[in-house]
Amino acid sequence: MSAIDDVAAELARLPGIGKKTATRLTYFLLKQPRSALERLAEAITALGTRVAACSVCGNWSDADPCGICADARRDAGLVCVVEEASDIAAIERSGEYRGVYHVLGGHVSPLDGIGPEDLRIDPLRARVANGGAVREVILATNASLEGEVTATYVRGVLEPHGVKVSRIALGLPVGGDLEYADGLTIARALAARREMGS
Amino acid sequence: MRLSQLTVRQFRNLASLDLEIPEPGVVIIGENGQGKTNFLEAIYYLVLFRSLRGAKDRELVRFGEPGFFVAAVAGAHRVTAGYETATRRKKVTLDGSEMSKLSEAVGTILAVPFSPADVSLVGGGPSARRRYLDVVLSVSEPPYLGRLTELKTALKQRNAALRRGRPEEARAFDGPFARAAEYVTATRRRWVERWHERFRELCRALGEPSAAGLRYRTGEGTDGTEGTDDADAWCRRLGARMERDLRQGVTTVGPHRDDLRLSLAGRDLRIYGSAGQQRTAAIALRVIEAETLAATRGAAPIALYDDVFAELDENRQARLLELIREALPGQAIVAAPRDSEVPAALFDRPRWQVAGGRLDR
Ligand SMILES: [Zn+2]
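These protein sequence lines are chains R and W, in that order.
Here the first sequence is numbered in this note's numbering, starting from 142 and rising by one per residue.
Here the second sequence is numbered in this note's numbering, starting from 449 and rising by one per residue.
Honestly, the hints are just simulated from the structure, not real lab data.
C-beta atoms are modelled at their ideal positions from N, C-alpha and C, and glycine is treated no differently.
One should not assume that every hint holds.
When the alpha-carbon atoms are kept at most 30 angstroms apart in a straight line, the in silico DSSO-like pairs for lysine-lysine are as follows [claimed, not checked]: (1) W:Lys604 to R:Lys161; (2) W:Lys549 to W:Lys600; (3) W:Lys504 to W:Lys604; (4) W:Lys549 to W:Lys538; (5) W:Lys549 to R:Lys305; (6) W:Lys549 to W:Lys539; (7) R:Lys160 to R:Lys172; (8) W:Lys549 to W:Lys604; (9) R:Lys161 to W:Lys538; (10) W:Lys504 to W:Lys600; (11) R:Lys161 to R:Lys172; (12) W:Lys538 to W:Lys600; (13) W:Lys538 to W:Lys504; (14) R:Lys160 to W:Lys538; (15) W:Lys549 to R:Lys161; (16) W:Lys604 to W:Lys539; (17) R:Lys160 to W:Lys600; (18) W:Lys539 to W:Lys600; (19) W:Lys538 to W:Lys604; (20) W:Lys504 to R:Lys161; (21) W:Lys549 to W:Lys504; (22) R:Lys160 to W:Lys539; (23) W:Lys539 to W:Lys504.
Some residues of chain R that are not near chain W, with every Cβ distance over 10 angstroms (derived) [stated by the list, open to error]: (24) Arg180; (25) Ala230; (26) Glu287.
Here are a few chain R residues that face chain W, going by a calculated C-beta distance under 7 angstroms [to be verified]: (27) Val249; (28) Pro251; (29) Leu252; (30) Tyr294.
Work the whole structure out from these sequences, hints included.
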C-alpha cells in the first residue's frame, strides 16, 4: 500500500467519514506545506502520549486532576454524571454549569456486552461516600432507553448514601444525545432537573 | 386518499418507473413473477417504510444494484424512501425534509394490502397476527410505533442479559419493558374491544352463518391476572418468571407472547377452520384494517388487491365487492394474471401490462 492509501484507510476509520471523504481529505493534506503536516502529526501523537483520563472524574486531560476538577471556583458539591467525556464539552458550551463531572464511560447495554460493572459506577459511589462533600448528583445520561436504565441503576447504587440525586430534564432531540444538543437546550434541561424518586 | 405520482428505482425486479396514477387507480395484468406483486409492495413501502411481506430492506434491492428508491405524491404530500446497502442507511423524506424518526412519516400514505397469503393471518402462528395488530395500530395511532420500538429494545437488551446469565442486569430493563408493555397491551385490547362486533358482522356479510369471534389472548405466565396489564403487574410477572427466563435465556412473558384468538361458533379458526372460512376471516381482518385507518386518520386508504378474487366463489366475490365499495371507496390498484380474473366492478379503470419488471400502458 502507498502512503496515500495508508492515510486514507486510517481516516476512513473515523466516525462519520466514508471512503470518499477520506480520499478527499488525504489529497487536501498532500497540498499542505510540510510544516503543517508535522504539526498535525505531532498533535495527534500527543493525544496518545500526553492525554490520559482524570483520576477523579474520568475526563480526558493533559493534567491529573483535570482542569475542571482542579478549578477551585467550581462547586465540588455538585456532580454531573455523563456517559462520555465528549458530553462534558457539550455541557460546558452551555456556559451555565458551575459544578464538576463524572464520566461513566458508556451506558448499560447487555447487547454490547456492557454491564454496570464495566462502567465507572464504583468510583462514583466512592466519591459520594467519601466525607459527604457531594450535595447533589445530576444524572445526565442520554434520553435513550439504555441511558434511562443506566440512570435508574446509578440512582439505586447511590440511594444508601443519602445524597440528593436528580435527573436532567431531557426533552432533548432525537435519540437524546447530549452531544448533539445546543447550549441553550442543555442549559434549560439542567435548570429543569428533577429529583429522582425511588 | 389518492396517489397521483409514483417513482420506483431498483426495487425488487422493477428497474425504473415514473408513473402518473389515474384517479380511480389501475388494473395491472401480468403473469406471476413479472412484477405485479412487487409493484404493490413498492407502494406499500411508503406506508410503513418496511416490506409488507416482512422482507429485510437489503432483500428489496434489485440484483446487482447499490440500493433502491421509492417516491409518491399523495394529496398535498410527497413522500420518498431510499435505502443504500453499503451503509445500510435508510432515508425517508416528507415534503422535502428528512425525517429523523420514521414514525413521523408513517401514516402519510394509507393503504391496505389484500393478498392470498393473508390466509396465514388466520391459519398461521401467533406472530402473523401480532404483526397484523402492530401494523394496524402503528399506522392508526401515532404513539404506538414508538412505544412498540421501546418494548422491542428493552426485550432485546433483557434477553441479552439473560443469555449472559446476569439477573441483576436483566432486571434493570424490567421497568422500561413493563411501562411499554402496559401501553401496548392496553392499546391492543382497546382495539379488540372496538372491533370484535364488526368482525362478526363482516364474517356474516361475507357468507359465514355461524358467529365469528375476535378476542385478545395473553400468553402463558399471566394466569389468573389476565386483564390487569399495568406496569406493576408486568413487573411482578417478570419477577415471578426470572428463574425460568434465566434457564431459557429469553423473556418468557410479555406482549410478544400474546395472540389474537379468532373463532367460529366458539371453535378456534386456526385449528378447526376450513380453507374457505379462514379466507373469509382474513378478508374481514383486512376490511377492519381499512375501517380502522379511515376512522382514525380520516381518509379512506388506497386498496391494493393482489390477485385475491380468483380464489373466491362467485357468491363470496359478490359479497366482498359489496363490502369494499363502502370500506374502500377510494383508489384501487388491482393486480391479476389475466383480465378474466378481475371482477367487472373493478375493471372500469385503465389497464397496464407488466412483464419483466416493466410496465406497458
Ligand atoms: Zn477531572
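Consistency of the hints with the structure:
For the suggested pair lysine 604 of chain W and lysine 161 of chain R, the alpha carbons sit about 34 angstroms apart, so the restraint of at most 30 angstroms is broken. The straight-line distance between the Cα atoms of lysine 549 of chain W and lysine 600 of chain W is roughly 16 angstroms, inside the 30 angstroms bound, and the hint therefore holds. Simply put, lysine 504 of chain W and lysine 604 of chain W have alpha-carbon atoms about 18 angstroms apart, close enough for the 30 angstroms limit, and the pair holds. The suggested pairing of lysine 549 of chain W with lysine 538 of chain W holds, with an alpha-carbon distance near 11 angstroms, which does not exceed 30 angstroms.
Of the pairs offered as hints, the one joining lysine 549 of chain W and lysine 305 of chain R is violated, with about 35 angstroms between alpha carbons and a cut-off of 30 angstroms exceeded. For the hint pairing lysine 549 of chain W with lysine 539 of chain W, the CA-to-CA distance comes to about 10 angstroms; that is within 30 angstroms, so the pair holds. Taken as a hint, the lysine 160 of chain R and lysine 172 of chain R pair is honoured in the structure, with Cα atoms around 19 angstroms apart against an allowance of 30 angstroms. This hinted pair checks out: lysine 549 of chain W and lysine 604 of chain W have alpha carbons roughly 20 angstroms apart, not beyond 30 angstroms.
The suggested pairing of lysine 161 of chain R with lysine 538 of chain W holds, with an alpha-carbon distance near 19 angstroms, which does not exceed 30 angstroms. A C-alpha spacing of about 17 angstroms is found between lysine 504 of chain W and lysine 600 of chain W, which places the hinted pair at or below 30 angstroms, so the restraint holds. Taking the CA atoms of lysine 161 of chain R and lysine 172 of chain R, the gap is about 17 angstroms. The hint holds against a cut of 30 angstroms. As the CA atoms of lysine 538 of chain W and lysine 600 of chain W are separated by approximately 20 angstroms, the hinted pair is consistent with the 30 angstroms bound.
With a C-alpha separation of about 12 angstroms, the suggested pair lysine 538 of chain W and lysine 504 of chain W falls inside the 30 angstroms cut-off, and the hint holds. Between the alpha carbons of lysine 160 of chain R and lysine 538 of chain W the distance comes to roughly 19 angstroms, so the proposed pair stays at or under 30 angstroms and holds. Restraint check for lysine 549 of chain W and lysine 161 of chain R: the C-alpha separation of about 27 angstroms stays at or below 30 angstroms, so the hint holds. For the hint linking lysine 604 of chain W to lysine 539 of chain W, the alpha-carbon distance of about 24 angstroms falls within 30 angstroms, and the restraint holds.
Straight-line distance between C-alpha atoms of lysine 160 of chain R and lysine 600 of chain W comes to about 33 angstroms, which puts the hinted pair past the 30 angstroms bound. For a cut-off of 30 angstroms, the pair hint linking lysine 539 of chain W to lysine 600 of chain W stands: about 22 angstroms separates their Cα positions. With a CA separation close to 22 angstroms, the supplied pair lysine 538 of chain W and lysine 604 of chain W stays within the 30 angstroms bound. Restraint check for lysine 504 of chain W and lysine 161 of chain R: the C-alpha separation of about 27 angstroms stays at or below 30 angstroms, so the hint holds.
Simply put, lysine 549 of chain W and lysine 504 of chain W have alpha-carbon atoms about 18 angstroms apart, close enough for the 30 angstroms limit, and the pair holds. Pair hint lysine 160 of chain R plus lysine 539 of chain W holds up; C-alpha atoms about 20 angstroms apart against a cutoff of 30 angstroms. Annotation: proposed proximity of lysine 539 of chain W to lysine 504 of chain W holds, straight-line Cα distance about 15 angstroms (limit 30 angstroms). Separation of arginine 180 of chain R from chain W is adequate, the least Cβ-Cβ distance of about 33 angstroms exceeding the 10 angstroms criterion.
With 10 angstroms as the threshold on Cβ separation, the claim that alanine 230 of chain R sits away from chain W holds: the shortest Cβ distance comes to roughly 22 angstroms. Some Cβ of chain W comes within 10 angstroms of the Cβ of glutamate 287 of chain R; the nearest lies about 7 angstroms off, and the non-interface call is violated. A cut of 7 angstroms between beta carbons decides the hint on valine 249 of chain R: the least distance to chain W is about 6 angstroms, and the hint holds. Nearest Cβ of chain W to the Cβ of proline 251 of chain R: about 4 angstroms, under the 7 angstroms cut. The hint holds.
About 4 angstroms separates the beta-carbon of leucine 252 of chain R from the nearest beta-carbon of chain W, less than 7 angstroms, and the hint is met. For tyrosine 294 of chain R, the interface hint holds, the least distance from its beta-carbon to any beta-carbon of chain W being 5 angstroms, beneath 7 angstroms.
The structure is inconsistent with the numbered hints 1, 5, 17, 26, although it conforms to all the rest.
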